[in-house]
Structure formats: structure tokens, C-alpha cells
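So you can see what is in the structure, the chains are spelled out below.
Number of protein chains: 2
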Amino acid sequence: MTVVKISEIGEFGLIGRLAALVGDNPPAELVIGIGDDCAVWQAGDQYLLGTTDTLVEGVHFLPGDAPWADLGWKALAVNVSDIAAMGGVPLFALVTLALPPETPVDTADALYEGLSACARDYELIVAGGDVVQAPQISVTVALIGRAQTRDGVPLLMRRDGARAGDVIAVTGHLGASAAGLRALRGGASPDDPLPRAHLRPDPPLAIAQAAARLGVTCAIDISDGLVQDIGHVCRASRLGAVLLATDIPVSPETTAAYPDDALRLAATGGEDYQILLASAAGVIAALNELHPEAVTVIGNMSDRRRGSVSILDRTGAEIKFPSPGWDHLARKPE
Amino acid sequence: MTVVKISEIGEFGLIGRLAALVGDNPPAELVIGIGDDCAVWQAGDQYLLGTTDTLVEGVHFLPGDAPWADLGWKALAVNVSDIAAMGGVPLFALVTLALPPETPVDTADALYEGLSACARDYELIVAGGDVVQAPQISVTVALIGRAQTRDGVPLLMRRDGARAGDVIAVTGHLGASAAGLRALRGGASPDDPLPRAHLRPDPPLAIAQAAARLGVTCAIDISDGLVQDIGHVCRASRLGAVLLATDIPVSPETTAAYPDDALRLAATGGEDYQILLASAAGVIAALNELHPEAVTVIGNMSDRRRGSVSILDRTGAEIKFPSPGWDHLARKPE
Numbered sequence: 005m006t007v008v009k010i011s012e013i014g015e016f017g018l019i020g021r022l023a024a025l026v027g028d029n030p031p032a033e034l035v036i037g038i039g040d041d042c043a044v045w046q047a048g049d050q051y052l053l054g055t056t057d058t059l060v061e062g063v064h065f066l067p068g069d070a071p072w073a074d075l076g077w078k079a080l081a082v083n084v085s086d087i088a089a090m091g092g093v094p095l096f097a098l099v100t101l102a103l104p105p106e107t108p109v110d111t112a113d114a115l116y117e118g119l120s121a122c123a124r125d126y127e128l129i130v131a132g133g134d135v136v137q138a139p140q141i142s143v144t145v146a147l148i149g150r151a152q153t154r155d156g157v158p159l160l161m162r163r164d165g166a167r168a169g170d171v172i173a174v175t176g177h178l179g180a181s182a183a184g185l186r187a188l189r190g191g192a193s194p195d196d197p198l199p200r201a202h203l204r205p206d207p208p209l210a211i212a213q214a215a216a217r218l219g220v221t222c223a224i225d226i227s228d229g230l231v232q233d234i235g236h237v238c239r240a241s242r243l244g245a246v247l248l249a250t251d252i253p254v255s256p257e258t259t260a261a262y263p264d265d266a267l268r269l270a271a272t273g274g275e276d277y278q279i280l281l282a283s284a285a286g287v288i289a290a291l292n293e294l295h296p297e298a299v300t301v302i303g304n305m306s307d308r309r310r311g312s313v314s315i316l317d318r319t320g321a322e323i324k325f326p327s328p329g330w331d332h333l334a335r336k337p338e
Numbered sequence: 005m006t007v008v009k010i011s012e013i014g015e016f017g018l019i020g021r022l023a024a025l026v027g028d029n030p031p032a033e034l035v036i037g038i039g040d041d042c043a044v045w046q047a048g049d050q051y052l053l054g055t056t057d058t059l060v061e062g063v064h065f066l067p068g069d070a071p072w073a074d075l076g077w078k079a080l081a082v083n084v085s086d087i088a089a090m091g092g093v094p095l096f097a098l099v100t101l102a103l104p105p106e107t108p109v110d111t112a113d114a115l116y117e118g119l120s121a122c123a124r125d126y127e128l129i130v131a132g133g134d135v136v137q138a139p140q141i142s143v144t145v146a147l148i149g150r151a152q153t154r155d156g157v158p159l160l161m162r163r164d165g166a167r168a169g170d171v172i173a174v175t176g177h178l179g180a181s182a183a184g185l186r187a188l189r190g191g192a193s194p195d196d197p198l199p200r201a202h203l204r205p206d207p208p209l210a211i212a213q214a215a216a217r218l219g220v221t222c223a224i225d226i227s228d229g230l231v232q233d234i235g236h237v238c239r240a241s242r243l244g245a246v247l248l249a250t251d252i253p254v255s256p257e258t259t260a261a262y263p264d265d266a267l268r269l270a271a272t273g274g275e276d277y278q279i280l281l282a283s284a285a286g287v288i289a290a291l292n293e294l295h296p297e298a299v300t301v302i303g304n305m306s307d308r309r310r311g312s313v314s315i316l317d318r319t320g321a322e323i324k325f326p327s328p329g330w331d332h333l334a335r336k337p338e
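Which chain is which? The protein sequence lines are A and B, in order. Residue numbers for the first sequence follow this note's numbering, beginning at 5 and rising by one. Residue numbers for the second sequence follow this note's numbering, beginning at 5 and rising by one.
Just to be clear, a hint being listed does not mean it is correct.
A pair counts as met if it fits within one copy or between any two copies, since identical chains are not told apart.
[Claimed, not checked] Cross-link-like lysine to aspartate or glutamate pairs, in silico, EDC-like; alpha carbons within 20 Å at most:
no. : residue 1 : residue 2
1   : 9         : 110
2   : 9         : 106
3   : 324       : 265
Because the hints were derived from the structure by calculation, they are not lab data.
The following block holds chain A by itself, in its conformation from the complex:
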């Protein structure tokens, strides 16, 4: 009998199997189940959002790379990013800290301080959690939020909410997180600007909420890499995406530090925790009027080449990258 390993089906294959096993016969209260940035659940007159993410020592971070306070911040911020991607309002977090008993108390204190600082900045509360023993440190956050509503209708941005002809726009700049990780590995200080972008992501929650209020119906956060994340939108919305490489807002610090690699880092590096939106051009323009230079248009959704992402250079030729982004469980390319 052949044993099939997780690495052969990858992260998204595994999520698909979970969805298939648990997905039959959902109750009416479940508005969105597995497969978007958050689950959405109707509770009375509220639409609740739920998301969870984990950072594992040795996998998502190495002890030397990041001050513990930064890890606490990031463990919560990546969940805020998921709530932002739905256009929602974060409410309360449950935090699980797994750690070896010989961990210094100072380490846990620093982690909690970073977590607490992030909670204050995004006006949410750590309402509970769990501490467990494990061979290495990991932090799991489950974050509950609510959708904004208008006349009782939830203003949700979904992966399947794009339409052909929508423009694609992203908040902020891209590439600084992957560049920051590279700089850290090369010995840069955690306090330098590029490492900061990697260690303390700052999801654009207010801009995302404004987008949902303006009527944007499709968004995703850029966690695994722009190309891979927009691929999720393409598959969910059954459309194709065409991006213009020259329009991608590569972070200036990334271009300065790694000029030959900056576009690849911005397109596939991941962990920028910016938000990608797809909407009518007029809505995106209105968002930039409300929040000057909040978003940059980088392409269009198309009903051609459904499910695929094309990145074109100045001449119209397609640019190919070695990988679209991260799969957290797939066998890594050699």
C-alpha cells in the first residue's frame, strides 16, 4: 500500500479534504464556511467573523530572527489582516501559547506585551486563551470580529465577489516583508525599516473597512504572496487576472536593497499583510479620494483564462516566477 504524505497534497489539498469532510449540511447561520479569509456566522442581528492563525518556532520564525515582543504582535496582526480582508471589525481574541516549561518567564512576558500592544492599536481585547506545554514555542490566535452592516445587510468582501472588468488594487507597498526577512538573515537589526515590515506587519484595517462601506465586494489579504493570493480570488470568482508588472507598488526600500529581485519579492514574497481589492474602477477611485493614495491599481479581472493569473511586462510579454508564493505544507522545490 502506498502511503500518501501531506507534502504531496500540500496545504490547499489538506484544507480541501477538511472542507469536504465537515462541509455537508451546513446550518442556515453559516454564511461563509471554509475557504475565505474568515468564516462568517449570523448570530441574531450580527454577522460574526472568525479566523485563526498560528506561528510556530522553527517554521514561521527562528528564535534569533525576531524579538519575542514582535512575535506576539505578529501573531495577532496576521489575524487582524484576515478580519480586514472581509471588511470587518475585530472584537476579541483567544490566545494559545505553547511553550517548553524551561522557557524564561521574560520570554512569555515579552510575547504578551507585543500581543497587548497590537490589541490596543487595533482596539480589540484578548478575552481568553490557553497555555500548554510543547517542545517548541508557538502562538495560535483565534480572532472574532463582526461585519459592518447597512440596513441589516452585512458589508462583506469575499474571495468570490469579483466581476469581469473589475480593477484590481492593492493597499500600501509590497515586498518589504520578504526583503526584511532576507535582511534579518543577513544580519540586519530588527529595528531597521525592512525588518520592521517583516516583524510588525500593520494591516490597513481602516482602509479595508472604508472599502467595504463604499461597496467593494471582493478582497483578500496578501499573506502567501500576491500572485498566489490573487489566484485564490480567480478560482473563487471563476475569473482570470491580468496584472501589469510596472504598476505593482514595490516598496522603495526593497528596490533600494535588492534591485534585481524587488519585483519577485513584491509579487511572490508574501507576508506583506496588505489588502488586495477587486471592484469597479469608480469605487476604487472613490476610496483614494477618501484615503489619499491608499490603493494602487495593478490590473483587471477578466473572463478569459479563468482561474489563472498573468503578469505582463512593458512589452506585453508574460513574466513567470519560479513560484507564486508559499504553500506551508508542500514539498519545497529543490
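Using the hints, position chain B against chain A.
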């Protein structure tokens, strides 16, 4: 400089530090924060409950001890137990599966099947989650539920809801889980009754909900050990507890298998996931009329010896156990 380790402050010391760091200035919506079985959050006309628990390979289970489907079941059931302890209704779960990429897909499928079976039995839905790479398998579940309400008032059972003179009662029988773990380690089949009690805990959700509707205001689930868990009630309610050893409902299978140790297993073994209630004697009697033999009275809450738990034998002499239950992070006794 002396480095203080987590093992020196233990699980409850660490939780206290988290509570202190994040606990200032809570919003009005936070009804109960860190320190009960669930956090409680008022969202519109609903009172939401949130809880999270983790099972880690090599810490909470050994690969040889438990079929993977049982671990999936248990990872969810222990969270259902927290919702039951508050008298609530489970709604939806977020599941994080951490595992090495070389894990067989069959293992993940079996885990998900057990999880899914538990979700069906307790009429809740797995609405989302995360899969991450880690050096060993762990399952983290965050479970969201709602409180039952009457005339808009939440019917919550809290650790600090006991009054002097309340009787103390427990659902079901105790000791079978710890006895089952011992039997498993001794080579018993996972399908034998004692191992089943350890591997597939079955929290008495309907009885707990009925108790909350009858007006019981104090409960806790028995996860770490009866003596330790009732100690949490004593400290939160600023009362003492006196238990009669002969009234503790030791599971008959535990007495049969380990006659010399059965009382200790029932009093301090933990993981039975039964519910302990403190309430007026008449309310407990009414519960047993609705659900025959649902609960057994084992003692009283007292305003003497506040914060402490006494277990008395037939002669009125106090019985001392080597440990009240589990601290998941403390240095283990030699």
C-alpha cells in the same frame, strides 16, 4: 541575573500574568474575560462564549496511545466541555491542525473524521481553521457558542457564582479517564470501556444546559482533576469546599480495575469532562427530577477556610492526596 522559568510559576501563574497584561480597561461588551471556562462577549442581543484548547503530540497524547480519529473527537469535545460548563450552546469551531509534512494523509483524514463525528453529535459546525507545519502533530480548537437567555438576560454558570451553603454536585462518574489512560499504557485495547472514557470524553451538554435554565449560577468542568477544579471555584467565589469522599461517584469500572487507587483517580485524575455544579439543594434536586440520576451531591460550599478544599472520610478525618490535579506547565514532583 536569575532567569525565572515558566515551570517555576506554573500554568496558573502564567495565565495570571497574561490576565494582568491584557486586562486593563476592558470594554463594556466583555462580560467575562480571562479566568473562567469561557470568555463571554455581548454582541447585540446575543451573549457569545469563546474557548480554546490544544492537544499536543508527546504532551497530551502519545502516538501509540490513541487512534487519530479519537484525538480529533477529543480535541473538539474538550472545548464542548467548556461551553457546557457555562451552560451554553456550541455554535461553530475553528480548527488548527499542525503537523509535519511527512504525515500520512490518512492520519489527517482520520483526525478530521473524529472531529466531524463530534461536531455532528453536539450539533455544531467546523466553520474554518488553519493548517500549519510543525515538528509534531497538534490540534487546536477554538469554539464559539452562545449563552442561553431568558428575557434577554444570559443564563450563565460561572466559577464565581457559588454561595455559602450551596451543595456541590457532579454529573456522571469520575476516575474512568485517568484509569483508562493507565489501562492504555498497560496494553489495553482503545476499544475497552476505560480507554474509551479517556479517548472519547462525552461532556453532558444537555444536563449542563438544563442546570443553567433551572437557575444554577456556578459550574466548572472537571478537566484537571476534581480537587483542583473545585479549588478554582473556591478562589473565584471566595468560599471553602467540604467534600465527603464516600459520596464521590467513582466509576464502577475504575473501582473494579484499580480498587486501591480508584478514589484518588476520581478525585485528582482529571480529564473526565464531567461538570461540577454548586447551587441550592432544591435546584439540584429539581435537576435530578428532570434528568434522573444526572448528578450526585458530594459536598457543600462553606464560608469557612475560604479558598481551600477539604475531603473527609467516613470518620470526619481529612484525606490528603499527593497532588490536587494537573498543572500543565509546573515542574513535576519527583
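Hint check against the structure, violated hint numbers in rising order: The structure breaks none of the hints.
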